[in-house]
Each structure stands twice: as structure tokens, then as C-alpha cells.
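Could you build all of it, start to finish, from the sequences and the hints given here?
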Amino acid sequence: MGKSLVCTCEDVTVDDIQHAIDKGFKDVESVKRYTGFGTGMCQGKSCQSAVARLLEEKAQLKSERLSPFTPRPPFQPTSLRTYASIPVDPATAPGPGVPPALNLANHPQMQAEPVPEKAEVVIIGGGILGLALAYNLSLRGVTDVVVLEQSYLCAGASGRNGGGVRMQWSTRSNVELARRSIDICKTFARDLGINVWFRAGGYLFLAPDAEHARRLERNAALHNSLGVPTEILSPDGARGVVPELDTKGIVAAAFNPQDGVLFPWPFLWGYANGASQRGVKIETFTRVTGFEMAQGKIAAVKTDRGTIRCQRVVNAAGAWSPQVAKLAGVTLPNEPHRHEILVTEPMKPFLGPLVSVLGSGLYFSQSNRGEIVGGMGDPNEPAGLEMGSTLRFLARFSKAILKAMPVLGEVKVLRQWAGCYDVTPDNQPILGDTPGVSNFVQLNGFVGHGFMMGPAMGERAAAWMCGQSDEMFSRFNLSRFAEGRSEREDFIIG
Amino acid sequence: MNRRLAAQAELFTFSYNGQPITAVPGDTLASALLANGVDIFSRSIKYHRPRGAWCLAGRCSHCLVRVDGVPDLQACTTPAAAGLNVTAQNSYPSAKHDVLAAIDWMFPKGLDHHAMFAGVPVVEDAVAKVARHIAGIGPLPDAARGPDVPVEQRRTEFAVVGAGPAGLACALELAKAGRKVELVDERPRVGGRLLSALDEVPPDLAWAEQTATEFTSAGGQLSLQSTVLAIYKDEQPRLLAIRQRGPDRLSLLTAQKLVFCNGAIEPLEPFENNDLPGVYAGRGLARMLKLQQVLPGQQAVIVGSTSEALALARQFAAAGAEVAAIVDPSGALRSTEFRLIAGKPSRAHGRSAVKALDVLAQTGGEERIGCDLVAVLGMPSAAIELPRQAGAFIGYLREAGGYRVEAVEGKTTAEGVFAAGDVTGVGSAAQARQQGQALGRALAALAF
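Residue numbers (our numbering), protein chains in the order written: chain Y, 1 to 494; chain D, 495 to 942.
Worth flagging that the hints you see were computed from the coordinates, not collected in a lab.
Derived lysine-lysine pairs resembling DSS-like cross-links, with alpha carbons at most 27 Å apart:
1) K590/D / K348/Y
2) K905/D / K62/Y
3) K58/Y / K281/Y
4) K603/D / K26/Y
5) K849/D / K590/D
6) K670/D / K751/D
7) K399/Y / K348/Y
8) K603/D / K348/Y
9) K623/D / K348/Y
Covered stretches of chain Y, as calculated for chain D (at least 3 residues, CB under 8 Å):
10) 69–78
11) 95–107
Since this is a predicted model, take the numbers as computed values, not measurements. Ideal Cβ placement from N, Cα and C applies to all residues, glycine included.
Encoded structure:
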């Protein structure tokens, strides 16, 4: 009792806002993510100006730094059934999205003071890979590290994904990485003091035809050989796991009960906080503008807040990696591809696993807060750093999810958004040294599963940078494309 | 309890948690529940605090109920209809007596779910299980999907969003000039803020209705009960997805030019127990009083610093309620009719509905005022969501209510996107009409 509410949808109080400010969250987007204000049924309509006033008073934020969080469609919660009624032309490509992105140059949140003049390692990209690497380097005593993030933490794909973590992959290396990541999820709160709410509800893959069923069987055999208990189920068996499914048109399913879902944001804050406490500097709202090159090496990283002389640079910029590499004259084969996603009103728990229908790219799960979180890639999506939302996605997704689970017809969409997959030609990452620029490390190209691989990759990359040999960093080196050797991962969803 | 001002001949009933609720044509679920003395509709998501209606405008989530097996519908915008089965949400065993309200008492200072029991062996797993179990608001819908809704596609030269003083004035100028205009508003009636009748000087609701008639006579298309869900640019820029009622349908409207006159939203003003049933947004309460003739209390405290507070007090008095006090945070109001206290609310009291309000006077003392109704007239804040989607720059100006669309003579920073009225910074209804009219004339004169 005695609470003074700011956001009544999510029961966020004035004290909660103060607590977030005390924890160091001082821009509206970050305070929204930490406290949950504005993420409920009204999506911030009745609270955002009140929160802005509190930030102005309590965090002494100047008005130009109070830019509102990005308002996502729809303005009012609207049923999946409504959106499923919209015709979709399968021949056309998705158009540009809304809202248009803000210009990150001279961002109002940019700090006035310059970045450190020098550092041993500069990591470009404050997503899961960059932060997990920074934290793991700091555990190994490498603390003279600067992480550069062009926006707030969670602004890129690490803050935009659906939070799924699965061991069901088609290649051994991915199965093993994901298994290690799931182990890390389980101990994360103990090590870093923040809950990620990992829930092992499993992943249920549905195969619409014999060819996809054969792929599931092939994968299950690989998983079982590695100790992952993936089971092949009949359509009836799939309904045993999720009774609300309509399995008409489904021929087989695969289920691993050890896969699960979590909240992505605390992972970033946990790593960032753990690294900072050990001396790593995390510079948000800081853009890389170029490199100073000398003798085939990067001598310094130029940013809009000054230049950092350094010994080693890591490109962990996800979908922005090709742009970053280009500044050093390096051409990466990655391409950014938008993937759209949405969240519904929060419901009482009913759905255990993340469900994915192969072939369509549809996936959906129920978060610990009760929302359905789901997405679906569009085969016609052109390459590009577009992160706005389309009506076409709502129509395609709603049709597909209602085919799989008709009882969701009156469930309402609260918010839609998008992020970019960082897509490589063989769906495998680009790791290790860069041919021609010897102190430039690549840690990118994770094709929409960087979040789930990040915790494990962060450990391996730190060990490798500290001198341990690791065959992954040569096997998945950029040189493989020129040398014509690759090992394709064909189990990408979304 | 009689909270309905005038007797109505035509009555019907629906059920709320098995109890019959008497309603009249024009009622929303919220107005009917309040008229029948039901103040607690459901419980809040985390602390299971009692919740009834608050904004009465479809902008918050206080009044969510389950209707005929569909979760999370806003009682304040859902029309009442005979035979509906309305039930409370997120409450065990009932909205009035909810055992999970213990969470509210266990965490008097709030809980940080990020740090809560983080890393404590065994406990963290147990907490995660409990947290999942009690998450969410309502269970799944009872039934599978219904049929598709009809989807209409059309084009217009101008889409004007919001039929308040700015939108009506702007749309009329455009229609009179022979432009193709569609004026869209989510309520069943035009008028916007004029429906609350709290402005001292014209325009009033009669003007709004007259203007709407002139607008349609001049060839304008008026779409009421039409909620703009988003401004997309899938194939064309300025594609409006509009959800319409009566009958239910979805319209996809492509507009060459877009004018936002969609007003402002009443914000929750922070004080202790500001979410207690019986505490309402003042403009919403005034609108319900006007449209549904329902006043859910007899002894009112009004919080506000503008002439709107005095106007609302007069409305309450005319409706037979006692105005215990007007609490004026600015201290600038003057009145011989009502008791004024220069100060601000600090705490509302009451277990399930408000019984008193503590006021911290500017002179330093604290006073407890008995009441069963608190109407808060905070500074509304511009409805920036849709303009931002359309690309308009949003600035922050505390004196104008917080966020607002930055517009110069109605032009926003986005191509083909214009704005007038409260959405550009809250002012008077007269200013909004004047801005809308000037913008309408300027746009009508342009050759595109």
C-alpha cells in the first residue's frame, strides 16, 4: 500500500523510477526497459509525460535529452483476427517501416566529455557479443577495454529478439555453443546479480511436409549423439505438448524440453555492469566514424567523441558490422535483413514451449510475463538496415499463427517492432583475425541467433584473444569465403 | 445507490460476475458499472491493487474486464449491450476480495524483479515458478477465432485525425474549398475535449455538432467510432490502418496529406494511492457526466489549477454533489463559490474505494478531506504516438504538458504531415479551433 503509481498498466511506482535512475539508467528508453513502464496494455499513453517530468526533476535531465521512447504500432490493442483479415500479395516485397529511425548523429543523449584516449582493446558494438566478450576479458584480467555503442544498450538486435535459446541446430558447433549458453543462463543471476528468468519450456518444431520431417529426424540423431534429448513426435504427440495447436497439415514434430526462453535485456545490463565493475568502460551513444590505419593495422578508433589509440579492435557490431569493417577497408559478406516481431497482451500461462513452424518461419512463445512473443521472416525482405514495422508483417504473422493456434484469434497485439539479422552466405558466424588487418578481430555474422550464442561465444572469444587456441576462430574465419570452404547451417528460423 | 442523474425509460441488463447490471442506451460498460455502484472492476497486474475506471477515455488500463470470453477489454470504451457476460480479471476469488493483494502488502516499497532473489539457490527457482504462475492478466479467450473482418481500402487527399475543435475547424475549411477530406475520430460523437464542457469560452459542443453538419454537407467524409491504429508506409507513405465499429471493419486509408488534431491525454499525477477506485481523470469524468449522466460519488474533491477546475466544480454542484474542496497546486485560482486549498494531494485513503484525500497545503500543514470522489485535472499531454510514427519531431516542453509535436504554422518536420491544437502543446479550445482553421485555410489554398 501507500504506493504512488506512475504506470498503472505495469504497476510501476515513483520509487521504481528513482531506483532505475540510481542504478544509472537515465535515458527514457533505458528507464522504460528497466522498470517496465510503458510496456503494458496502454503502451505509455497515460504515463510517458509523467515519467519524463520525474526524469527531469530527479535525474536533472535537460529537456532536449528527454526524447520519448519510440512509439510502436498499434495505438490501441487490436486482435490478431483483425490483422489476419488483411489480404497479402505474396509476390511483393515488404515496404519501409515505421516509425522512421532517429538520426544517431549528434544524438541528444551523447555525453559531452571525450572518450578515453587509449585502450588495450576497443570493442565496437554494445550488444550481447561485445558485452559478453568485455566481461569475460575482464575476468581474465584484461580490463583496459572500451566498449562503444552507438545508441543505448539493447537498441540493436540484442534488445529486439524474442529471447529464445535452443540446442536444436543442424551443426555440432552450434549445438555445443547453445548448450553452453543455456548453462550460463542458469547461473547468470548467481554470477552477475540480475535475473534473466530463463524458463526451460522447450522448443517444439513442426514439420509441414516429409522433407522438413526428414530434417528434424536428421537433427534429432545429431542432438541425441551429443546428449541433447530431442524427441521426434507425431502430430498427436505435439498436441500432447501444446493442446491448443491445430496440427492439420503437420506431419511430424521435434521437441527438446531443455530449450527455453528468457528476457534478453538483463543479460546486457548484467554483463555491462560486471565488466564496468572490473574497470571496463562502456560508452553509449558514441558512434565510430573511422579508423587510423598504420602498417596494416588499426592504430586508433575515431569516434564522434574523440579518438582512442588501441592495440586491438573487435567488430561486434552485428548488423552494422559490414559498415564498421568498411571503415577499415575490409569487405565483409554479411548483409542486414529486417525481421519483424510482435508482442500480445499478457495472458495467464498456458504455453510451455516456443513453437516454430518450419518452412513459414513462424515462431512464437509465451514470455514469463504472459505475453505471446512471436515473429516471422519474409522471404521477400530486401537487404538493408531497416528496422521499422509494416502492416504486411502483421497480416502475414496473424494468418500464420491463427492457422497454428486458432484460439488466439481474439488475442490482441500490443506492440510490433523489428530488428536486423546479420546474415552471412553460409549462415555461420565470422570469427577471428582479419586477413590484411592483423589486429582487427571479427565477432559477427550470427544470423539472428547471436543472442543465444553470445554468452558462450563471449567466453570462447575472450579465451582465444588471451592466447588459447580454438579451432572455431580459424574454421569460421573470414578467409573461408575466399578459400571456398564452408559448413552451412540450414536450421535458421524467423 | 443512485449515481445516474436522470431516470431513463429504456433499460436493459448485462451481467458482471453473475450480478445483473442495469444499463441504458449510450452506456459504456464502465458507466453502467459505476452507475450500479461497482467501483472495483478488476485487479492490477503485479500488486493486485483494486482497479476501477480512471481515464474514462480508453487511454489507460485500469478498467480492463473480460467480456463474453475475450480478455482485456476496456470497460470505458466498450458499449454496454443486453446479455453481455462481463467478468473481473486477475483476482482470486473476487475483484473485491483478492488474496493476492497480499503481494501489495509484502512489498510496500515495491519490488525490483531484476534483483529479486537473484542467484539465491532454490529460492530463485521457486520464485520463477510462482512469478510465471501469477503472471498475465486474463486467461486465453474461450473460443477459437471468429470470421474475418471486412477490410476496405480507400484513398483521400486529406486525412484529419481527431474531430475536436482543431480537427473540425481544419476539416471544414478543406471541405468548403472542395478538397477530398476524411475526418476520423474514435468516439461515437464529434467534439473531442468539448464533450467535457469545461472550457469557459466558445467553442462549445453545439458548435462542434453544427460544424460537423456543415462539413458533411460540404462533401466531407466523417468517420466516427474509428480508431487510427498506426500510420504505415508499406507501399505508399501515410497509410492509415483504421479499426471501425458498427459494424466492425478495418479500413486502410491512403492519404496524400495527413493532419493530426488528435489532442492530448490526461496523465496520472503521482501521489500515494493515486490509482484507488474513486480517483478519476477530471476531463473523463466530466465527459461521462455529460454523455451518460453518471456521477460516481456525492462528495468530491477536485485537483486542478485552471478554470477547468471551477467549471467541473460547478458541474458537480449542478448534479447535486457536494464539492468538499478544490485543491490547487499552483495556488493561483480564486473563487467565492468553492473552498480552495492552495496545495497538492499527498495521499488518497480507502481500502477498496477512496474515502479521504490528504492535502499538503502550501502553508505547510496537512489536511485530510473526506470524500468519495477525487477528480484530477492534471496538465494533459499531447498524443504524440501517431505523429511520431508519421515522422514528426517530438519535443518536450514542460509548460505545454510534456511531449508535443513541434509544428510551425501547422507544418511538422515530416513531409506532408501537419498538426494543430493540443497535440502541438496544450492550450485552450479556442486556440485549438483557431489553429485548426488557420491550418485548414492554408492547406486549402495550396496547390499540390
